[in-house]
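Protein chains in written order, with my numbering: chain A, 1 to 618; chain B, 1001 to 1228; chain C, 2001 to 2163.
Keep in mind the hints are simulated off the structure, nothing from the lab.
Keep in mind that a hint or two might mislead.
The calculated lysine-lysine pairs, modelled on BS3-like cross-linking and capped at a C-alpha distance of 27 Å, are [what the hints assert, rightly or not]:
#1 B/LYS1152 <-> C/LYS2066
#2 A/LYS318 <-> B/LYS1141
#3 C/LYS2070 <-> A/LYS318
#4 A/LYS569 <-> A/LYS589
#5 B/LYS1141 <-> B/LYS1168
#6 C/LYS2070 <-> A/LYS589
#7 A/LYS611 <-> C/LYS2144
#8 A/LYS616 <-> C/LYS2144
#9 A/LYS203 <-> A/LYS22
#10 B/LYS1086 <-> A/LYS325
#11 A/LYS611 <-> A/LYS590
#12 C/LYS2040 <-> C/LYS2070
#13 B/LYS1015 <-> A/LYS325
#14 B/LYS1168 <-> A/LYS337
#15 C/LYS2061 <-> B/LYS1152
#16 B/LYS1168 <-> B/LYS1115
#17 A/LYS337 <-> B/LYS1062
#18 B/LYS1168 <-> A/LYS318
#19 C/LYS2066 <-> A/LYS318
#20 C/LYS2144 <-> A/LYS569
#21 C/LYS2040 <-> B/LYS1168
#22 A/LYS590 <-> C/LYS2061
#23 B/LYS1018 <-> A/LYS325
#24 A/LYS325 <-> C/LYS2061
#25 B/LYS1062 <-> A/LYS325
#26 A/LYS318 <-> B/LYS1015
#27 B/LYS1141 <-> B/LYS1189
#28 A/LYS266 <-> C/LYS2061
#29 B/LYS1141 <-> A/LYS203
#30 B/LYS1152 <-> A/LYS325
#31 B/LYS1141 <-> C/LYS2040
#32 A/LYS318 <-> C/LYS2061
#33 A/LYS203 <-> B/LYS1062
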Amino acid sequence: MSRLNSYRELEHLREQLRSKRKDITTTIMICGGTGCHASGSQNVIQTIQEELSRQGLDSKVRLCVTGCHGFCEQGPVMVIEPGNLFYCHVSAEDAFEIVHLTIMQGEVIERLLYTDPVSGRKVRTESEIPFYVSQDRQILSQNRGVDPCSIEDYIVAGGYSALTRVVNNGFSPEDIIAEITSSDLRGRGGGGFPTGRKWIECKEAHGDEKYVICNADEGDPGAYMDRCVLEGNPHLVLEGMMIGARAVGANKGYIYVRNEYPLAVKHARIAVDQARTLGLLGENILGSSFSFDVNIARGGGAFVCGESTALMASIEGKVGEPRPKDVHTAIDGLYHKPTVLNNVETWANVPSIILKGSSWFASKGTERSKGTKILALTGRIKNTGLVEIPLGTSIHEVVFDIGGGAVNGNAIKAVQTGGPSGGCLPVGKFDLPIDFDVLHEAGSMIGSGGMVVMDDESCMVDVAKYFLTFLQNESCGKCLPCRVGIDRMLEIITDITEGRGRPEQLDLLEELGDTISQTALCGLGRTASNPVLSTLRYFRSEYEEHIKDRKCSAGVCKALITYMVDPEKCNGCGVCLRVCVHNAITGNKKEVHVINTQLCQKCGICRSECKFDAIKVV
Amino acid sequence: MLQYVNVNIDGAIIKATKGTTVLDTAIEYGICIPHLCHVPYLSDIGACRLCIVEHVVNGRSKITTSCTLNVEEGMVIRTNTERIRKLRRNLAELLVAQAPNSRAIQDIAVRCGVKEVRYPFRNEDCVLCGRCVRVCTEIWKARAIGFVGRGKDRHVDFPFGIRPDFCKQCGSCIQLCPMTIPPCNGPMKPGEERLCGQCESQMIVADQIPGSCVWCELGEGFACGRYA
Amino acid sequence: MSHQSLEQILDGRRSQPNQLIEVLQDIQENYGYISEESMKAVSRELGVPIIEVYRVASFYKAFRLKPAGKNVLTLCMGTACHVRGARLLLDQATGQLGVEPGEVTPDGLFSVEYVNCLGACALGPIVTENGSSYHHMTPGKLRKLINTLGSYRVEETQHVSTQ
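Isolated chain A (complex conformation) (with noise of 0.2 Å):
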């Protein structure tokens, strides 16, 4: 393909490539993402693929590998249309059926189906699965037709229509920024501040060279939105970067992928080489005056530096130190120079916002947060994956009705929202609606759209202790609050863990986490109190129990819990003393075992590998 120098060309393409397709009856869509991936489906495809050629389809049936469909516990993941056919945990042994049976003369093969695990019956088609149907998946839809390594794919789907739009003279800069402001757009990586004034103040702000970047750092564990839309579908990013890139004034854009994301980066990669080829990146984009190229930067492994000014630094090769924000880095920024800085969810939503235009967008929401936005929703529930929601549904739904209700036939305790820099909320707050400022007014976030679901079996406390953890070995270490603060709110919270807690340590810990979120440097410091602040607020039970009673009654406290043998449940069979590390069990064959508590570490061997569940915690 070659160098398209205006609009019209990219239109022509468009055509050129939809008609090359013509002869198409069957698409079938394979997920080759992360999750996927792990599950095997690279053999899968490799096998359907042969098994096509042999039978001579190639030309009939398309085989679009795509990035990630968010439904990764079901992998390898497929969808065969016409027809929205969905197979669920396809593996290489089943790939001469579906090309034999289904592909070839159109039966379902019964096994592959997906079972909804609440009512336990066989789901046919994609969009009548349960876990799909409440969502509104306006970006995640986009990944499926879509390989993410082919440019051909994003433009036969309609890709760069909007950049078109923005690049003929229709469209201003300033008519840009107007239509993002009025669809009342706000940042979706976790700081929820408007897109639009962003934009403004980049465009007013002095300099004639500005850059635009986009945050792949994606740090909070459990939060894997932004690869998926990254790895899955990179041209929607890009395009979005372009856009913002023609209305603030800038020419240079950087892509900053964490470390731990290989694929994305290589996605990435590939596509900002395909659309250098069609012109679609570099000097007079179609024609215009406007230029703009993107380079990807990678991180280092710091979670720091998702982190507006630890990231530009990072990019700039020095270490992700945060720095003073009390001028915006859309004046000084990267460099010194006023930068746009958004999340990757953030761009994927610009382009589909100046094609259906703000209303369309603003139509979805509450009446401060527009739109949609992707939730990774994973722990104890029975659908964990992306859910890509309207804002203002309420936590209820995305955990009962989309999540499918507690796995186990345990009672859901919490829900931990906005990864480290969130809260956790108990039950009785399930019906506040998912919304920027009611679950920050509730001590969470929607944050990046972590949202891990708890059980009677998380301990709050541990759960406080773990965020702080995590918390400290990602400081950048700078400022007093953040370094010291944390560390002596995770040394009080130990001493509750262990059996040493007194009860004026919860109020100092209230006092402490109030002084940093006031004083802390940055956004990491300054949030990292909110854990423990929220679970003391929801949870003061579990916490006073811990101190008074030092009991903890999820069992997870190592210093507070007992390893036991159920006499009711256990046969003697030996596997328990076979597999213990600490020689602490001991027992004869078809007789009771006894664990010695003085020996056992609670390392957790013997609970797994027990067959019939006799090990107990007290």
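Chain A is fixed; fit chains B and C onto it per the hints.
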């Protein structure tokens, strides 16, 4: 040609030089804002957070460090509100609990109103104020020391832990270090650490005129900007 | 590990201080760790003070300053994996091998590292080992994996079944 802006600090309308920080302006005019990592002739990094003030914008207060905030026309700053005093006190408490074996740190704690220390004392050799690193980098340009590692592991070190030959042993790093000034009654042994409270900054006077300079010297040889 | 020489890595990046992290990443990928010699060379060629190179190399978790073991076990400690018991896996690995995260066993066979989220949360707890990943891990499965890997003396690592 120097340009001036008018700023409101604690109710006083002050003619400040454009391009200077709120901290420098306040100290110049005798309004004391406690600080540790600030040194008049070095860059400001806002690491110790002691110099925090309330920056009032549109009726709302933002807490920010005065050493990194440049003066602007019409700015409204409050250095000694109840909220600031409490935050500063808590920060100083954290600081002295980390390093009680320094007179400078003990003085700061008293100056910031710390009356009790609710954390177990530790005996760190370094409070990571960065004065040494900055003087080596900015004044002597030797770049023989720097901050290495991250988070709890952050510490000052030579490259690869060995003093390089381009360190000319000028001693500036030692001169500026707050940890080289032992407490008045001598170094405290482990287990015997306490808040000494005997600073010549005379807390009683400071209590009566909040924010005013009490010529406290924050530890001998450790003079703040008023002595530069 | 692909093999680029230090010369090749520095090519086109000389006198460009902002390429420091990219250069160190390539060195890490090619040599498995960043040696003192390579840091000195980078300092010279890129025009970055040696203390800065050392600073950056010690700040980012992606860079190792000492060689790793033959089998690098990376455990995901993300929230979703944590809620499914990832902590117990870390205890199992450090206990069985007798090393702390970041250290290498005396025989040079194993090192344990942890990472704060691999982005495959639905399949957790996850353990990766030199390119292969294992999901839905339990302390028992990890113990078996370590024993099996330890018994291999060959150069190539092999995907091990944990069923």
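Each hint, compared with the structure:
{"no.": "1", "hint": "B/LYS1152 <-> C/LYS2066", "result": "holds (20 Å)"}
{"no.": "2", "hint": "A/LYS318 <-> B/LYS1141", "result": "holds (18 Å)"}
{"no.": "3", "hint": "C/LYS2070 <-> A/LYS318", "result": "violated (30 Å)"}
{"no.": "4", "hint": "A/LYS569 <-> A/LYS589", "result": "holds (14 Å)"}
{"no.": "5", "hint": "B/LYS1141 <-> B/LYS1168", "result": "holds (11 Å)"}
{"no.": "6", "hint": "C/LYS2070 <-> A/LYS589", "result": "violated (40 Å)"}
{"no.": "7", "hint": "A/LYS611 <-> C/LYS2144", "result": "holds (17 Å)"}
{"no.": "8", "hint": "A/LYS616 <-> C/LYS2144", "result": "holds (23 Å)"}
{"no.": "9", "hint": "A/LYS203 <-> A/LYS22", "result": "violated (44 Å)"}
{"no.": "10", "hint": "B/LYS1086 <-> A/LYS325", "result": "holds (23 Å)"}
{"no.": "11", "hint": "A/LYS611 <-> A/LYS590", "result": "holds (15 Å)"}
{"no.": "12", "hint": "C/LYS2040 <-> C/LYS2070", "result": "holds (26 Å)"}
{"no.": "13", "hint": "B/LYS1015 <-> A/LYS325", "result": "holds (25 Å)"}
{"no.": "14", "hint": "B/LYS1168 <-> A/LYS337", "result": "violated (37 Å)"}
{"no.": "15", "hint": "C/LYS2061 <-> B/LYS1152", "result": "holds (14 Å)"}
{"no.": "16", "hint": "B/LYS1168 <-> B/LYS1115", "result": "violated (42 Å)"}
{"no.": "17", "hint": "A/LYS337 <-> B/LYS1062", "result": "holds (24 Å)"}
{"no.": "18", "hint": "B/LYS1168 <-> A/LYS318", "result": "holds (26 Å)"}
{"no.": "19", "hint": "C/LYS2066 <-> A/LYS318", "result": "holds (21 Å)"}
{"no.": "20", "hint": "C/LYS2144 <-> A/LYS569", "result": "holds (25 Å)"}
{"no.": "21", "hint": "C/LYS2040 <-> B/LYS1168", "result": "holds (20 Å)"}
{"no.": "22", "hint": "A/LYS590 <-> C/LYS2061", "result": "violated (50 Å)"}
{"no.": "23", "hint": "B/LYS1018 <-> A/LYS325", "result": "holds (19 Å)"}
{"no.": "24", "hint": "A/LYS325 <-> C/LYS2061", "result": "holds (25 Å)"}
{"no.": "25", "hint": "B/LYS1062 <-> A/LYS325", "result": "holds (12 Å)"}
{"no.": "26", "hint": "A/LYS318 <-> B/LYS1015", "result": "violated (37 Å)"}
{"no.": "27", "hint": "B/LYS1141 <-> B/LYS1189", "result": "violated (37 Å)"}
{"no.": "28", "hint": "A/LYS266 <-> C/LYS2061", "result": "holds (21 Å)"}
{"no.": "29", "hint": "B/LYS1141 <-> A/LYS203", "result": "violated (37 Å)"}
{"no.": "30", "hint": "B/LYS1152 <-> A/LYS325", "result": "holds (23 Å)"}
{"no.": "31", "hint": "B/LYS1141 <-> C/LYS2040", "result": "holds (19 Å)"}
{"no.": "32", "hint": "A/LYS318 <-> C/LYS2061", "result": "holds (14 Å)"}
{"no.": "33", "hint": "A/LYS203 <-> B/LYS1062", "result": "holds (25 Å)"}
In the structure shown, a violation is registered for the earlier hints numbered 3, 6, 9, 14, 16, 22, 26, 27 and 29, in ascending order.
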